[in-house]
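Engineer: Residues per chain are reported as follows:
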Amino acid sequence: MSADRDTRLLLIDTAGDRLAESEVSALPELLDARDLLVVNDAATLPASLFGLTARGEPLEVRLLEGPYEATTRAVLFGRGDHRIPTEHRPKPPQLAVGDAVHVGPDRLEVVAVSPRSPRLVELAWPRTRAARFALLYRAGRPVQYSYVPEPLALWDVQTSFASRPWAVEMPSAARPLRGALLLALARRGIGIARLTHAAGLSATGDPTLDAALPLPERYDIPAETVRAIDDARARGGRIVAVGTSVVRALEDCVAATGALRAGERMAELVLDAHTRPRIASGLLTGIHVPGESHYRLLSAFARADTLARASVLALREGYRLHEFGDAALLLPRIVDAARNAA
Amino acid sequence: MNWADTAVLITGASRGLGFALARELGLRGARLALVAPHAARLQAAAERLAEEGIGAHTIRADVGEKEAIHRIVGQAQALVGPLDVLVHNASTLGPLPLAPLLDTECEELTRALDVNLTGPFRLTRAVAAGMIVRGRGLVVHVSSDAAVEAYPSWGAYSVSKAALDHLSRIWAAELAGTGVRVLSVDPGEMDTDMHRDALPDADPSTLESPRVVAARLVRIFEDPVRFPSGARIAASAADEPLAHVARTHASGEEARS
Numbered sequence: 001m002s003a004d005r006d007t008r009l010l011l012i013d014t015a016g017d018r019l020a021e022s023e024v025s026a027l028p029e030l031l032d033a034r035d036l037l038v039v040n041d042a043a044t045l046p047a048s049l050f051g052l053t054a055r056g057e058p059l060e061v062r063l064l065e066g067p068y069e070a071t072t073r074a075v076l077f078g079r080g081d082h083r084i085p086t087e088h089r090p091k092p093p094q095l096a097v098g099d100a101v102h103v104g105p106d107r108l109e110v111v112a113v114s115p116r117s118p119r120l121v122e123l124a125w126p127r128t129r130a131a132r133f134a135l136l137y138r139a140g141r142p143v144q145y146s147y148v149p150e151p152l153a154l155w156d157v158q159t160s161f162a163s164r165p166w167a168v169e170m171p172s173a174a175r176p177l178r179g180a181l182l183l184a185l186a187r188r189g190i191g192i193a194r195l196t197h198a199a200g201l202s203a204t205g206d207p208t209l210d211a212a213l214p215l216p217e218r219y220d221i222p223a224e225t226v227r228a229i230d231d232a233r234a235r236g237g238r239i240v241a242v243g244t245s246v247v248r249a250l251e252d253c254v255a256a257t258g259a260l261r262a263g264e265r266m267a268e269l270v271l272d273a274h275t276r277p278r279i280a281s282g283l284l285t286g287i288h289v290p291g292e293s294h295y296r297l298l299s300a301f302a303r304a305d306t307l308a309r310a311s312v313l314a315l316r317e318g319y320r321l322h323e324f325g326d327a328a329l330l331l332p333r334i335v336d337a338a339r340n341a342a
Numbered sequence: 001m002n003w004a005d006t007a008v009l010i011t012g013a014s015r016g017l018g019f020a021l022a023r024e025l026g027l028r029g030a031r032l033a034l035v036a037p038h039a040a041r042l043q044a045a046a047e048r049l050a051e052e053g054i055g056a057h058t059i060r061a062d063v064g065e066k067e068a069i070h071r072i073v074g075q076a077q078a079l080v081g082p083l084d085v086l087v088h089n090a091s092t093l094g095p096l097p098l099a100p101l102l103d104t105e106c107e108e109l110t111r112a113l114d115v116n117l118t119g120p121f122r123l124t125r126a127v128a129a130g131m132i133v134r135g136r137g138l139v140v141h142v143s144s145d146a147a148v149e150a151y152p153s154w155g156a157y158s159v160s161k162a163a164l165d166h167l168s169r170i171w172a173a174e175l176a177g178t179g180v181r182v183l184s185v186d187p188g189e190m191d192t193d194m195h196r197d198a199l200p201d202a203d204p205s206t207l208e209s210p211r212v213v214a215a216r217l218v219r220i221f222e223d224p225v226r227f228p229s230g231a232r233i234a235a236s237a238a239d240e241p242l243a244h245v246a247r248t249h250a251s252g253e254e255a256r257s
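So the sequences go chain by chain: Z and A. Counting along the first sequence from 1, when you hit position 160 you're at 160 in the numbering used here, and nothing is skipped either side. Counting along the second sequence from 1, when you hit position 25 you're at 25 in the numbering used here, and nothing is skipped either side.
Derived by calculation from the structure, the hints in this document are not laboratory data. Do not take every clue at face value.
Calculated pairs, EDC-like style, for lysine to aspartate or glutamate (alpha carbon to alpha carbon, straight line, at most 20 Å) [said to hold, decoys possible]:
1. Z:K91 <-> Z:D210
2. A:K66 <-> A:D103
3. Z:K91 <-> Z:E57
4. A:K66 <-> Z:E23
5. A:K66 <-> A:E107
6. A:K66 <-> Z:E150
Pulled a few chain Z residues facing chain A out of the computed Cβ check, cut under 8 Å [said to hold, decoys possible]:
7. P126
8. R129
9. A130
10. Q158
11. A184
12. S281
13. F324
Chain Z stretches covered by chain A per the calculated footprint, using a threshold of three residues with CB under 8 Å from any CB of chain A [what the hints assert, rightly or not]:
14. 40-50
15. 133-141
16. 163-175
Backbone N, C-alpha and C define an ideal beta-carbon position, used for all residues, glycine too.
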């Protein structure tokens, strides 16, 4: 899945409540040399494993986190694959503590079943971290999407700067930031800082669990990113979060600790229209429409009527909505910047 | 360089120069991800390092296979963190015993290019943008004088190494100013299994020990002023006086201008 054409960029001016259209390749001109982009550098895990129960029933295991520890939480799906929309997939066989999922020669034992949903389980992995990741990278595949019928390979779901594999689904907002664009941004003096956020599953097939999304997600903010953000703010630059996961990490950190601090934490914060972002000036994201959990987060940045007009424009003009689609930039005064650049 | 704060991936790390380099960097505290295709040899290498108190993670994979690349990079960065140093040391000689091009099978040439050239390209491509975002990184291509000289019967290996040298220079030109340094190093003739495969009758006393060469390479890695991005460096230059070194890598500078 390469970027076969320039990704379209819908500009949403969150101060003037105006809209304009551009392309992602124009980002170096749209932004100011004082601005700072903050990206999520998590690589995407091959978080989907197909296995069998002891009775030979097929099922799919989607991990909620990488196997850094000896047990991981996972959501079970029934027979079939991603070509069946998640909500129509057969229910998985009911597993109890002590049951196992057999993945090739390996065996993942159920050590806990959630009281919230029988699909949400905790699985025990091999003893060493190296053995766990060897198993996962041998047997796992990326989580697939029903609108992409051809199987996605591991490289299809990585951002260009993917580093530690923490995400179970691709932090897709950064997908258009490929090599030439990164170099062009750097040449313009626009800073790029990073954090790592374990972006979670977008759907579980269980309405009870789906209602609880996003679940708490781990993130790590490096000290040099805290410094880069402080410096950008001190010089009057804007902090442009690339993707909702970056917004969640930055704002959770401030909400939980009162300041932006380096280190690892679990993001509990769920942003909505009542949240006033304190670090992110705006964000680069995919095209989101009403009803998605990401859309709710956008309402922390823009008025409801502005977002509604943006959705109408995106649908009318044929913007691509999904993880491999087009992009939107929500930022104060961005429409004027586009006029000046043009 | 503060090696204790550095994550390193080395391909072809189970023996020869790759193993010696893992040992040198491990003794300095680097976090190591070692890649090699043979599980038993890789395990033995990790055990030998452990005897010297060096911890290393091992990833069994063949860098010549496209499917292996993101598995390597994903496992490595799960185990040692974001990669700071990438050493493309794995190589295959092509036909063995060495053969003239007239007797080199097309598949043998393709395989040499897959392992010695395309694998390094793919690995760097999967890692370099992360290095750009972090503002630092070192990518090392292990070359050979066969990249420069036209030795009969070394055809498949030679053309792959000549292309690897140029790949290194182009990466360096494209990544100039990003903090990512790209080098090509010619280790010279060493007493290794690979050398015995190529030239079984060579007198070992005329060959360098991989340990000595690995120590030279570390001095090269640690000196970006004498050995800047884009340079092609003979490992022996680490032991030479400054004036001579400046002349040797002038060609690297020209390639970038």
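Engineer: Under 8 Å between beta-carbons, do enough residues of the segment 163-175 of chain Z, three at least, approach chain A for the coverage claim to hold?
Structural biologist: holds (count 3)
Engineer: Tell me whether the statement that chain A covers the segment 40-50 of chain Z is true, taking a Cβ distance below 8 Å and needing three residues at minimum.
Structural biologist: Three-residue rule met by the segment 40-50 of chain Z, so holds; n is 4.
Engineer: Under 8 Å, Cβ to Cβ, is where F324 of chain Z needs to be relative to chain A, so tell me if that hint holds or is violated.
Structural biologist: 17 Å, violated
Engineer: For a C-alpha distance cap of 20 Å, please report whether K66 of chain A and E150 of chain Z respect it.
Structural biologist: 18 Å, holds
Engineer: Classify the hint on A184 of chain Z as holds or violated, based on whether any CB of chain A lies nearer than 8 Å to its CB.
Structural biologist: 12 Å, violated
Engineer: Quickly compare the C-alpha distance for K66 of chain A and E23 of chain Z to 20 Å and report which way the hint goes.
Structural biologist: Violated. K66 of chain A to E23 of chain Z sits at ~32 Å, over the 20 Å cutoff.
Engineer: P126 of chain Z was flagged as interface toward chain A. Is the shortest Cβ-Cβ separation under 8 Å?
Structural biologist: 14 Å, violated
Engineer: For the hint on Q158 of chain Z, just tell me whether its beta-carbon gets within less than 8 Å of chain A.
Structural biologist: 7 Å, holds
Engineer: Taking the least C-beta to C-beta distance, is A130 of chain Z closer than 8 Å to chain A?
Structural biologist: 5 Å, holds
Engineer: Given the hinted pair K91 of chain Z and D210 of chain Z, is their Cα-Cα distance within 20 Å?
Structural biologist: With Cα atoms ~15 Å apart, K91 of chain Z and D210 of chain Z stay inside 20 Å; holds.
Engineer: Quick check on R129 of chain Z please, does its C-beta sit within 8 Å of some C-beta on chain A?
Structural biologist: 6 Å, holds
Engineer: S281 of chain Z was flagged as interface toward chain A. Is the shortest Cβ-Cβ separation under 8 Å?
Structural biologist: Since chain A brings no Cβ nearer than about 20 Å to S281 of chain Z, farther than 8 Å, the hint is violated.
Comparing the model with each earlier hint shows violations of hints 2, 4, 7, 11, 12 and 13; every other hint is respected.
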